[in-house]
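In the order they appear, the protein sequences are chains A and B. Heads up, the first sequence is in the numbering used here, so the first residue is 1 and it goes up one at a time. Heads up, the second sequence is in the numbering used here, so the first residue is 1 and it goes up one at a time.
The hints are simulated quantities; they were obtained by calculation from the structure and are not laboratory data. Accuracy of the hints is not assured; some may be wrong.
[What the hints assert, rightly or not] Have a look at the derived ranges for each label pair, beta carbon to beta carbon: (1) 29/B with 55/A: 35 to 45 Å; (2) 91/A with 152/B: 29 to 39 Å; (3) 134/A with 26/B: 22 to 32 Å; (4) 151/B with 82/A: 49 to 59 Å; (5) 134/A with 42/B: 37 to 47 Å; (6) 91/A with 55/B: 45 to 55 Å; (7) 95/B with 55/A: 47 to 57 Å.
Quick caveat: nothing in here was measured; it's all calculated off a predicted structure. For each residue, glycine too, the CB sits at the ideal point set by N, CA and C.
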Amino acid sequence: MIAALICVISLAVLLQFFVSYSRSIIAAYRKSELSEQVCEVAGIEGQRVTSEQFGRLVQLVRLCPQRGDDSTDLQVIGIYYRMMGLLRSTARTLAPRITAWAERESVDCAYFLAVALDRRIAYSRDLLAQQMSDR
Amino acid sequence: MLGPFDYVVNVLGFLAEVYLVVRLCVSKNSLRYFSLSIYMLAAGTVTVGGIFVLRHFGISSPMYQYFYYYTDALLTISLFFVIMSFYQQVFQQMGVGRYVRSASVLLLSATALFSYLVVRQNTDHLTSRFVVEMGQNLYFVGVVLTYLLWGAIVKLRETRTRLIQLVLALGIFFSADAATYAMRNLFPGLQMSFLKFIPPLVGLFLPLAWAYTFTKIPEDARLETSRVVAPRMAAHQHS
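Isolated chain A, as found in the complex (with noise of 0.2 Å):
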């Protein structure tokens, strides 16, 4: 009975702490601008990303040379945008409220995306400038 007790609050507090955790991350990265570079690259029009392009996202950043400092956000935000698609699809019918805001939150992983790729390609660009200097 106390195992159980136990077990269905600590599941709880962790939903509760992981969607936070990943919003905190999200919002870390929300402050910086997309350059024009990464919109042209992801077909991004006027820094507005939509969720759908969350999976071309992850291709190109899977395509850039890792800055090896964010692959555990990446990882994150990846389970936190599959967790909010399944609430999307589970709550449509149900309640259009959670899904609208599933949806906002699965734009912002996407945002967060796009901020991640717009730094690996100025982390490559620079990696690239300091091997031609060099030669």
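Here the structure of chain A is known, so what remains is to put chain B in place on it, guided by the hints.
Below, chain B without anything else, positioned relative to chain A:
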């Protein structure tokens, strides 16, 4: 014997723990985050010690089982001190540091007394079921303490991004471990199939998340808690 999964998790965890200790020392933050540094140092030592015990006695030996569960309990108790240091940081401006210190001493005494009573009652059968129950209870105390701390952060509109992320990562760690231990207690059969993978992964997540926070989030970075809290809590905060 250890598989590739165990080696990768142990090595990554150890590297992240060492990195954190070094990072805190180099940035002259080790005094500010003293209990966190001590915890990371202890966790790193336990990782190395665990591999040593495992290689000498084997994974199914009682020696390794006792080492694993009792060092886990000690590390969990040492994490309570980390939580208390976060409480002190949150309530710093209110000048209630003395009360927080008293509460932490009281909490440690209560935990020690509780553990002593439980161990005394179970000296004849310090079995795996007992250690699982103890782990579950200790982690659940951690969940409660972290949740109360998070509630205080939201209520006081704490804006320090670093502190927010440190507390949230700790909350994920405690709640995931408490849920895993409780599930193990409820369904022992699930242990071998997938539950055994969760504690090492969560144990790896904590130093990695904290390493990220100390590396990427500057001390003066600020974040509105209303942007972070889950929707239901946000509604409470606005009301």
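Output the numbers, in ascending order, of every earlier hint that fails for this structure.
4
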